[in-house]
Amino acid sequence: MRKENPTEQLSRRKLLKLGAGLVGAAAAGTVLPRALLRPSKVKAALSADAITPMGVYRHFAASDGWAYLPGENLPYHPDNLAPDGLTTYIFGFRDVTSLDPLPDGRDLIFQQKMKCQLTSPMFWLDEWRGTDFESVTDFTLKLTNLGLQVRPDLIDAHTLHFHGFRNAIPIFDGEPHSSVGVPISRDLTYFYRARDPGTYMYHCHFEETEHVHMGMVGGVFVRPRQNFSTGGFAVPPARLGDGGPDAPAMGYVYNDGDGSTAYDREFVLVMNEVWTLAHWCDSHVQLPEWSDYNPDIYLMNGRVYPDTIAPNGGYVDGGGELYLWEPDPATGDMVHTERPELRYQPLSSLITCNAGDRVLVRFINLGYVAQSMRLTGIKMRVVGRDATLLRGRDGKDQTYLTDSLHIGAGQSVDAIVDVPDDITEFTKLLLFSRNLAHLSNPGSPGLGGPMTEFHIHPAGTLGPQVAANDWGVVL
Amino acid sequence: MKSPRFVKLVLLLSLPLVLAAILLIVTGSGGVVTAGHVDLPPHGIVCSENPSATFTLNTRTGAISLPDGNRVYMWGFSEGGDPFQHPSPTLCVTEGDTVTIVVNNSLSHDISLIFPGQENVLANGVPSEPVFDAGTLELLSLAPVAEANGGSMTYSFVASEPGTYLYESGTDPGIQVNMGLFGGLIVRPSAHPDWAYNEVVTETATVTYTTQFDPDEEFLLIFSEIDPMLHMAVEQDLPYNMNNYTPRYWNINGRSFPDTIAPNGAEWLPDQPYGSLIHIYPFNDDPAAGEAYHPYPALIRYLSVGSDIYPHHPHGNHGRIIARDGNVLIDADDQDLSYERFTITLNPGQTTDELFVWTDVENWHPVDNPIPVTIPQLQNLTFGTFYSGSPYLGNVDILPVGHQALNACGEYYHISHNHALQQITAWGVVLSGHITFTRIDPPLPNDCP
Numbered sequence: 001m002r003k004e005n006p007t008e009q010l011s012r013r014k015l016l017k018l019g020a021g022l023v024g025a026a027a028a029g030t031v032l033p034r035a036l037l038r039p040s041k042v043k044a045a046l047s048a049d050a051i052t053p054m055g056v057y058r059h060f061a062a063s064d065g066w067a068y069l070p071g072e073n074l075p076y077h078p079d080n081l082a083p084d085g086l087t088t089y090i091f092g093f094r095d096v097t098s099l100d101p102l103p104d105g106r107d108l109i110f111q112q113k114m115k116c117q118l119t120s121p122m123f124w125l126d127e128w129r130g131t132d133f134e135s136v137t138d139f140t141l142k143l144t145n146l147g148l149q150v151r152p153d154l155i156d157a158h159t160l161h162f163h164g165f166r167n168a169i170p171i172f173d174g175e176p177h178s179s180v181g182v183p184i185s186r187d188l189t190y191f192y193r194a195r196d197p198g199t200y201m202y203h204c205h206f207e208e209t210e211h212v213h214m215g216m217v218g219g220v221f222v223r224p225r226q227n228f229s230t231g232g233f234a235v236p237p238a239r240l241g242d243g244g245p246d247a248p249a250m251g252y253v254y255n256d257g258d259g260s261t262a263y264d265r266e267f268v269l270v271m272n273e274v275w276t277l278a279h280w281c282d283s284h285v286q287l288p289e290w291s292d293y294n295p296d297i298y299l300m301n302g303r304v305y306p307d308t309i310a311p312n313g314g315y316v317d318g319g320g321e322l323y324l325w326e327p328d329p330a331t332g333d334m335v336h337t338e339r340p341e342l343r344y345q346p347l348s349s350l351i352t353c354n355a356g357d358r359v360l361v362r363f364i365n366l367g368y369v370a371q372s373m374r375l376t377g378i379k380m381r382v383v384g385r386d387a388t389l390l391r392g393r394d395g396k397d398q399t400y401l402t403d404s405l406h407i408g409a410g411q412s413v414d415a416i417v418d419v420p421d422d423i424t425e426f427t428k429l430l431l432f433s434r435n436l437a438h439l440s441n442p443g444s445p446g447l448g449g450p451m452t453e454f455h456i457h458p459a460g461t462l463g464p465q466v467a468a469n470d471w472g473v474v475l
Numbered sequence: 001m002k003s004p005r006f007v008k009l010v011l012l013l014s015l016p017l018v019l020a021a022i023l024l025i026v027t028g029s030g031g032v033v034t035a036g037h038v039d040l041p042p043h044g045i046v047c048s049e050n051p052s053a054t055f056t057l058n059t060r061t062g063a064i065s066l067p068d069g070n071r072v073y074m075w076g077f078s079e080g081g082d083p084f085q086h087p088s089p090t091l092c093v094t095e096g097d098t099v100t101i102v103v104n105n106s107l108s109h110d111i112s113l114i115f116p117g118q119e120n121v122l123a124n125g126v127p128s129e130p131v132f133d134a135g136t137l138e139l140l141s142l143a144p145v146a147e148a149n150g151g152s153m154t155y156s157f158v159a160s161e162p163g164t165y166l167y168e169s170g171t172d173p174g175i176q177v178n179m180g181l182f183g184g185l186i187v188r189p190s191a192h193p194d195w196a197y198n199e200v201v202t203e204t205a206t207v208t209y210t211t212q213f214d215p216d217e218e219f220l221l222i223f224s225e226i227d228p229m230l231h232m233a234v235e236q237d238l239p240y241n242m243n244n245y246t247p248r249y250w251n252i253n254g255r256s257f258p259d260t261i262a263p264n265g266a267e268w269l270p271d272q273p274y275g276s277l278i279h280i281y282p283f284n285d286d287p288a289a290g291e292a293y294h295p296y297p298a299l300i301r302y303l304s305v306g307s308d309i310y311p312h313h314p315h316g317n318h319g320r321i322i323a324r325d326g327n328v329l330i331d332a333d334d335q336d337l338s339y340e341r342f343t344i345t346l347n348p349g350q351t352t353d354e355l356f357v358w359t360d361v362e363n364w365h366p367v368d369n370p371i372p373v374t375i376p377q378l379q380n381l382t383f384g385t386f387y388s389g390s391p392y393l394g395n396v397d398i399l400p401v402g403h404q405a406l407n408a409c410g411e412y413y414h415i416s417h418n419h420a421l422q423q424i425t426a427w428g429v430v431l432s433g434h435i436t437f438t439r440i441d442p443p444l445p446n447d448c449p
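Chain order of the listed sequences is A and B.
The numbers in our numbering rise by one with no breaks, and the one at position 182 of the first sequence is 182.
The numbers in our numbering rise by one with no breaks, and the one at position 123 of the second sequence is 123.
FYI, nobody ran anything at the bench for these hints, they're computed from the structure.
As the structure is a computational prediction, the values presented were derived from the model and not from experiment.
Cβ coordinates follow ideal geometry from the N, Cα and C atoms, glycine included.
Just so you know, not all the hints are guaranteed correct.
Claimed, not checked - Coverage of chain B stretches by chain A, computed from C-beta distances (three or more under 8 Å per stretch; other residues unrestricted):
no.: 1; stretch: 404-415
no.: 2; stretch: 426-440
Claimed, not checked - SDA-like mimics (lysine to any residue), calculated; alpha carbons at most 25 Å apart, straight line:
no.: 3; chain 1: A; residue 1: Lys396; chain 2: A; residue 2: Arg195
no.: 4; chain 1: A; residue 1: Lys396; chain 2: B; residue 2: His365
no.: 5; chain 1: A; residue 1: Lys396; chain 2: B; residue 2: Ala205
no.: 6; chain 1: A; residue 1: Lys379; chain 2: A; residue 2: Thr461
no.: 7; chain 1: A; residue 1: Lys396; chain 2: B; residue 2: Met232
no.: 8; chain 1: A; residue 1: Lys379; chain 2: B; residue 2: Leu337
Please build the complete structure, drawing on both the sequences and the hints.
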């Protein structure tokens, strides 16, 4: 389905097209679809009566929707109110940035009510590296509340809590008691000047027990200034920075100063779970008793195995080119050409790499249950936790090798898998939750739940990623 | 599920209580306190201490109030003639003290105390060891007991290592700890009472890191959980099957949010004297800053007596974890094993010490340095009870007539909560349980009451 990419290297234009680079350079060119162009604006362009996006910008919409999960747990799953092919009532976010500049963009955005995504769209920021670069690092995110189509009785607000952001001020923290929330059909623009690299997460913090469980969870990442030659580090800049196509690394996870967190490929695994009774309650105007919490489907990037290894979703244009995770610009709706029932769950968990690659896996747990994640065959080096390099203030190395890592609710872990370069045959490893009771889909035979595959190809097989979780094209 | 979020709580707590809470939170006054707890500071750790490090802990029975309107029967220890309190008193001693704890038991069950992390604990002068039935070899207790209906036992030990510790029941502990027989034990370094530990991390010859904290910003938070069916069974002397154990309430310092942020000794919580509000000032290490100079972090001592792993997430900033179970995180070569986290794993029966600062990094100012986006007018937003109407620290702005704002002087609030979100509830009440708040005041001098 993916058009062969004639440029083997990661190009900034391609990154911008796919919404993953966020390097903020003003891009132009006839090959860019209109939906993905977004001018950078600087502080001076602000007017008092309009919320003007500046620097790097995303527009998210919050709403309800339906997802597909296999198995059966009657009467709760599949939900008898679900549209054909879908099973589970959810709340969530959508990235509608590409719809914003369309002539009918506002209408298209509001037509996305009841079309939210599970788990939520990811976004990346570049770390602040001085006032000279603020126009390409200061980040704004506009959140629009579309309301809940299935529950018109609820007038819930939504917020975006950037979980872990250091020295946050309440107005941009998204906790509605200490600041503000976004009512239905209104919007609020959050501002982030990211000064600390790492793996973070975000979620709605309004009625959090319900809204987070219903699926309003996603990953957000701050890329270190070490990726740039202007970052002030004695290591080569990375491809995601200004290192150019021949840079020795796609990126660094932290400002390590020694290249120890360099990686060639990046994958994000967001863990959460579904208590089918609670989701059924929400669609049927009921309330669950949360102290009875008893989830029965455990997810990885919003899907269960083997759907976890199905391709990434996204719009495919007339030329066959995939626009990763992007909606159809004509309708604004999400699409998945191979697995239409997964159109609202566009994030693949399949990990692909070449022998010799350093593979970064960013684990995020926004369920309510701790997980023990196991990789078979090759050990992982845990280099970061909770957006913090594992290193003492005196330089003491606190990183460690493991095949099973603990990740509690609301925590993140950065692990780098150093794939040996002497693997010459296609090799499959497995990455899964070691809580074996989670590895089933209700009522279905065989293994399911939070499991994915880790595919190692002989060196030189795959081209570079255009974004995290991208499989890379076969060269 | 519904909006506004507080509707259930307001109905259940009734308006006068809420208004009283508002007044006390905003003014920071401590209010009337229970007997034995006079002159409590409104926020921060409340220590029971005396020069001889000798404590007489007498059992009490009582009940605590929970945000759904329920009252739950509890057991507890109180010092001397003090009335029932929950949790039991926080005992503070100094490194090297010989600590003596006399337990007098008026309950109808044998009880005992264990002191995890203390070595060479004596019970009535002989080593405190597990007690087995001489005939059947059945394990009767983890420590020698104070017998039911009037028995006593004296435990003693030398507090040789500074740190944060628990004391808790060692007899039928699944029942008795849940019933409330637990408390905190603080051992302060003898040479540095405002350090958490003695050890120092050396980065360079001129850059070192101690565990010094601001003595006005020391907090102790004990996380617990309650199965009300267990408590009902104990109160009515009925059997209880531990296989049915199902917690319904999750408390910090014996209170469930919003009671957690009420001051120490709040008069409407007469038997739950310990608040959990983290009240701090912005970090400032510039000695020329005058009153705003605030170079030392807050120390937050987390203790858990629950049966589950609680992932605790303080908003606003990472915390630096400097010790676990009274052991400072420095290796045998004096290298740094401390770490920063945004979600702290609180394991059953463990203690965790965290240094916490919040820095006004961007110094947003309404005139000199405005935030670069426009905040919509209030009719286009929902706004919380802790919001000042202004995004700027130390500023207040207009809020609608009739809105009950708890913000006094433009101070910031950040929630600090368990991220296993089913545990921030109270048997049907959402937004309760394991939640407290961090209050960040504008730098001194300020206009805060």
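Quick rundown of the hints versus the structure:
| no. | hint | result |
| --- | --- | --- |
| 1 | 404-415 | holds (count 4) |
| 2 | 426-440 | holds (count 5) |
| 3 | Lys396(A) - Arg195(A) | 22 Å, holds |
| 4 | Lys396(A) - His365(B) | 38 Å, violated |
| 5 | Lys396(A) - Ala205(B) | 16 Å, holds |
| 6 | Lys379(A) - Thr461(A) | 23 Å, holds |
| 7 | Lys396(A) - Met232(B) | 51 Å, violated |
| 8 | Lys379(A) - Leu337(B) | 22 Å, holds |
Hint compliance for this structure: hints 4, 7 are broken, all remaining hints hold.
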